[in-house]
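Peer 1: As given, the protein sequences belong to chains R and C, one line each in that order. Its first residue numbered 4, the first sequence is counted upward by one per residue in the numbering used here. Its first residue numbered 16, the second sequence is counted upward by one per residue in the numbering used here.
The reader is advised that the hints may include incorrect statements.
[Unchecked claim] On the chain C side, residues computed to face chain R include the following (Cβ under 8 Å):
no. : residue
1   : 24
2   : 39
3   : 47
4   : 77
5   : 78
6   : 88
7   : 99
8   : 107
If you are wondering where the hints come from, they were derived from the structure by calculation, not from laboratory data. All values reported here derive from a predicted model rather than from experimental measurement. Note that the Cβ used here is the ideal one computed from N, Cα and C, for glycine as well.
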Amino acid sequence: MPVALAAAVVVILLGVLVLLRRVIVGPRLLDRVVAVNVIGTKTIILLALVGYLAGRPGFFLDIALSYALINFVGTIAVLRYYEGRVRRGEPVEEEA
Amino acid sequence: MSVLEIVAAAAIGLGSLLMLATAFGVAVFPDFYTRLHAAGKGDTLGQALVLAGLLCLGGDLTLVVKLVLIVFFIFIFNPTATHALARAGWVSGIVPWVRGGQDPGAPREPGA
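Construct the complete structure from the given sequences, taking the supplied hints into account.
Peer 2: Set out below in structure tokens:
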């Protein structure tokens, strides 16, 4: 069973690497936010898997649970700030 | 290996592959809305599968409650975040991608 868990961790980490490319190249700010949000979901699953691998799932699941809440609040906060700037007509993208 | 462990391994493998597919979707799809499509669906189902697999490994009641709570929260949070992202994109005037680069309609003013 630890082999399956470790394989899942490796596969998800590969996904995070692929997503980091999208975070870096953009091209828009919102594309980066999408990628960071998905990386956050993957981090929650990674925390749960690592918890079972380390033999202390209860402790790690607590962290995963609070990370889920923080990830959601962070995304919503960025988007509210972004929409506010758009509605006020302020620039939202950095100049190339 | 018991039957339950085989089911757990299958669910974890399937879920992690689905999350990898989500990552590739976000990385290679052509525009913002299509990327959002990949991000909103694949990850929600992928995490549910992985956590259901972990649930099959057993444990005491607090462990089960925590796993179910994480799945429940992500099932609410992920679609909500996707919706908020799509709305932010629409409000800021991102035009949906169309195959062949045809004109998808008149350009909209930001904030409309």
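Peer 1: Each hint needs a verdict: does it hold in this structure or not?
Peer 2: We went through each hint and held it up to the structure:
Among the interface hints, the one on residue 24 of chain C holds; its C-beta lies about 4 Å from the nearest C-beta in chain R, closer than the 8 Å criterion. The beta carbon of residue 39 of chain C is positioned within 8 Å of a beta carbon in chain R (closest approach about 6 Å), and the interface hint is therefore held. Given hint, residue 47 of chain C at the interface with chain R, holds; its Cβ is 6 Å from that chain's nearest Cβ, closer than 8 Å. The beta carbon of residue 77 of chain C comes within 6 Å of a beta carbon in chain R, closer than 8 Å, and the hint placing it at the interface holds.
Satisfaction of the interface hint for residue 78 of chain C is found here, the shortest Cβ-Cβ separation to chain R being roughly 6 Å, below the 8 Å cut-off. At its closest, the beta carbon of residue 88 of chain C sits 5 Å from a beta carbon of chain R; the interface hint therefore holds under the 8 Å criterion. Checking residue 99 of chain C against chain R: minimum C-beta separation of about 5 Å stays under 8 Å; hint holds. Nearest Cβ of chain R to the Cβ of residue 107 of chain C: about 5 Å, under the 8 Å cut. The hint holds.
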